[in-house]
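Heads up: the sequence lines are chains A and B, in that order.
Each residue of the first sequence is one higher than the last, beginning at 1 in the numbering used here.
Each residue of the second sequence is one higher than the last, beginning at 1001 in the numbering used here.
In case anyone wonders, no lab produced these hints; they're calculated from the structure.
Cβ coordinates follow ideal geometry from the N, Cα and C atoms, glycine included.
Hints may contain errors.
To be verified - Derived DSS-like pairs: lysine-lysine, alpha-carbon spacing no greater than 27 Å straight-line: (1) A/62 / B/1358; (2) B/1200 / A/191; (3) A/81 / A/62; (4) B/1200 / A/193; (5) A/81 / B/1327; (6) A/81 / B/1172; (7) A/447 / A/62.
To be verified - Some but not every residue of chain B turned toward chain A, in silico, with C-beta under 10 Å: (8) 1105; (9) 1114; (10) 1203.
As the list claims (entries may be wrong) - Derived list of chain A stretches under chain B, where covered just means 3 residues or more per stretch with a C-beta under 8 Å from a C-beta of chain B: (11) 96-103; (12) 120-129.
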Amino acid sequence: MAKKWIVLLLSLSSALACGPKDRDETVSLRSTVRAGGETTINNRSSGAFTVPAPNLDSEEFKLHGDGDVLFEAEFVNAPAKVHPGLGPTFNNTSCRGCHVRNGRGMPVLGEPGTLRSPMLVRVSLDPAALNRFPEALGTQVPGNGPYPVPGFGTQIQDQAVFGQEAEITLSITWEEIKGLFADGSEYTLRKPKLTASGNPDQVKRVNDPAVLRSIRQTPPVVGLGLLEAVAEQTLLDLEDPFDRDGDGISGTLNRVWDPVHQKVAIGRFGWKASAPSLIVQAGGAFAEDMGVKNPIAPDLDGSIEIDLDLVKKTAYYTQTLAVPDRVKELSRAALRGEQLFEQLACAACHRPTLSTDDKSSIVALRNQTFAAYTDLLLHDMGEGLADHRPDFAASGSEWRTSPLWGLGLASTILPYSAYLHDGRARTLEEAILWHGGEAENSQKAYKALDSVKRNEVLEFLKSL
Amino acid sequence: MKCLSKFGRSLCSVSLLFSLSACQKADSSGTEPVSTTESDRDILASFVDSVVLETYQELANRSAELDTAVAQLVTAPSEASFQAARGAWVAARIPWEQSEAFLYGPVDTFGYDPAMDSWPLDHAGLDAAIAAYANIDVDTVDPSLKGFHAIEFILFGYEKAKTLAGLSSQEKSYLRALTLNHKAVTGRLLKAWKEGIAGKSAFALALKNAGESGNDFYPTTQAAIQELLEGMVGIADEVANNKIAQPFDQQDPNLVESQFSFNSLDDFQNNIRSIRFTYQGSRTGTAAPESISSRVSAQDPDLNQKVEAAIDNALGALQAIPDPFRKSIIDPASRPKVLAAQEAIRSLQEILDQNVRKLLLP
Chain A
1 MAKKWIVLLL SLSSALACGP KDRDETVSLR STVRAGGETT INNRSSGAFT
51 VPAPNLDSEE FKLHGDGDVL FEAEFVNAPA KVHPGLGPTF NNTSCRGCHV
101 RNGRGMPVLG EPGTLRSPML VRVSLDPAAL NRFPEALGTQ VPGNGPYPVP
151 GFGTQIQDQA VFGQEAEITL SITWEEIKGL FADGSEYTLR KPKLTASGNP
201 DQVKRVNDPA VLRSIRQTPP VVGLGLLEAV AEQTLLDLED PFDRDGDGIS
251 GTLNRVWDPV HQKVAIGRFG WKASAPSLIV QAGGAFAEDM GVKNPIAPDL
301 DGSIEIDLDL VKKTAYYTQT LAVPDRVKEL SRAALRGEQL FEQLACAACH
351 RPTLSTDDKS SIVALRNQTF AAYTDLLLHD MGEGLADHRP DFAASGSEWR
401 TSPLWGLGLA STILPYSAYL HDGRARTLEE AILWHGGEAE NSQKAYKALD
451 SVKRNEVLEF LKSL
Chain B
1001 MKCLSKFGRS LCSVSLLFSL SACQKADSSG TEPVSTTESD RDILASFVDS
1051 VVLETYQELA NRSAELDTAV AQLVTAPSEA SFQAARGAWV AARIPWEQSE
1101 AFLYGPVDTF GYDPAMDSWP LDHAGLDAAI AAYANIDVDT VDPSLKGFHA
1151 IEFILFGYEK AKTLAGLSSQ EKSYLRALTL NHKAVTGRLL KAWKEGIAGK
1201 SAFALALKNA GESGNDFYPT TQAAIQELLE GMVGIADEVA NNKIAQPFDQ
1251 QDPNLVESQF SFNSLDDFQN NIRSIRFTYQ GSRTGTAAPE SISSRVSAQD
1301 PDLNQKVEAA IDNALGALQA IPDPFRKSII DPASRPKVLA AQEAIRSLQE
1351 ILDQNVRKLL LP
């Protein structure tokens, strides 16, 4: 599936320009594909994910601004004059509370003090154990989705408004694992262990082997409108469920429930691609993460706390953010790393470019070719990363290829942040080393590199 | 020059090496470029030491003083101690608003911004929390129940109408818990920059050592300089197009921040001063020798004058709006003044975003 596709354009003018950067022996190179097509900006500061796409017209820009206010809004317990509807139980109080500067969240859960829970835990019932949970029969999410856990639903809300009980209190400890590179040098990985405390019945329930749990880190929200505007057929053409091309890498789309259209649709968003669209993602997050019920995800009795327009504007904000371009002055190491990225077949799944068609309702997103480094497909990532919690068609060891655009800005946007679905990887190298399953060969090939070449791969990733 | 194949690409690199050495020769015989890694680092060092650390130190000091004043109010309530506590809140608010051109780093990472400055308040929750103060750990309660605005609400009340007699003993106790927590959080914020917390290195070093190998926070000094610029542009945008525009456009005084103490217009002016301090690399009102101001001045003195004038205009236009802001936004007589202030701040934003950007990040 890997294609040699990258064409580098050496910019003659910048190559000949005499400036301080030349002294650092860097070269001016530019991939022909800008990170976000015409939505691209040049920004390597901590605000790089918070800028509106530069190609929005004035009406779109205004709508984006309305969404910005909502994305930042702190919701509070009703009744209140401003932004009521929080809770009674929740994970955080605003979108940005977890998506710090629209990037990832800190890899902590139930942290005492100021951080609360930027990570959350999805749960579902193992269908094989339904005989022990008769009350769950008939509650499966449509489209062959997960079975909610009685008392928890499909997500644990570990915070509550003042005077109410959180469902349970969660915390994380980390277990360290050592390993060796081919050149004999040592590395240390860590993986999370979840601990629940609080109401003994709830603790017992959440620790039941039939309750499947998956820790999820906050993903960045940049460039999502472009991913949404890729034609379904484009993605269907990328699927290779039976590995017909024999490269050891399959790749399938998730098929999930779309509550807006009341039908099964392909999944694009979330760590397991379990959301079909950004409005469904936003509505689900309002309801599950903040306890703010809405027309996409109403309360059991059908009641809502915010209207559809508000959810739409919030989704619109995530659709119309600019994508920061990769660094302008690429080091030689980064350039060599880019070649290694292809040679190690990383690009087979982290597909460098995708294109949108002309159908998007947002003109700025039409006919764009962009460099997200994803195929939006599910891949088996092996036992090491498996959460053993299927989500619609995604198995317990399948994950959607994470986009890599803006990856080099992760530590600028949120210092001390982390990588992978549960924040277990403290560095980009640790993230690579966790790759297994379909990516096992690539990971082994990386481990076989000497430290200079390993660093080149990392320099490439940091240039994104 | 396109390099289509790997072979072609390596050829490109070779030819580039030649042009690089040519450049270095030309450079050494010509004038030094204005922006170098070293001069960038000098600007960053002045900014961190003389602006960020000083501001956060003052915030920590004044938050401690606020706590002391509230302790006095609780133990020896009098009109004098009540007014002293109110004054201490206003004093602590100044460095916080003067820090808003640099709301990045630990203030975000560790959730200190929401813990200190959440808006709006959860009024229903606040009543419940005050009633239950003895049984709660303020460190763990919702941001909307603590921080500057919860303290402000208890001390000032709606329409700044709170009186000493109206302050219940339960309110006083919760207030003290809030100021103790606030003092602790501002102390942690300072420590995170100055020394580092939770096993992390001091965040001051992330900016000061920008461009050093292994610095993933700011891999280049240009990224760090851009951080300073975006911080200034961002707070100008925030004041004109959010803090003022939200309540003004919707004609809703409930949306006004710092409305209980009637401090909104001072907040906004201190935000603009935050831009000046960042720009000048100093909080004294005189630009530091190594600052964005000195760099702009050296290359385009007129632009430097324009920036300073735009800052003065913005401050003047804000001062011209009658207090309290929550009334001015719905008073037709004040409308032109609010619009003029927005215009002045947007003009400052534009100069920074366009002209200063071109000069700093060519």
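Evaluation of the provided hints:
1. A/62 / B/1358: holds, 26 Å
2. B/1200 / A/191: holds, 20 Å
3. A/81 / A/62: holds, 24 Å
4. B/1200 / A/193: Judged against 27 Å, a Cα distance of about 22 Å means the pair holds.
5. A/81 / B/1327: Within the cut-off at roughly 17 Å; holds.
6. A/81 / B/1172: holds, 25 Å
7. A/447 / A/62: violated, 49 Å
8. 1105: holds, 6 Å
9. 1114: Holds: closest Cβ of chain A sits about 7 Å from residue 1114 of chain B, inside 10 Å.
10. 1203: With a minimum Cβ separation of about 7 Å from chain A (threshold 10 Å), the hint on residue 1203 of chain B holds.
11. 96-103: Our answer is that it holds, as 3 residues pass the Cβ test (under 8 Å) against chain B, meeting three.
12. 120-129: Check failed, 0 qualifying residues.
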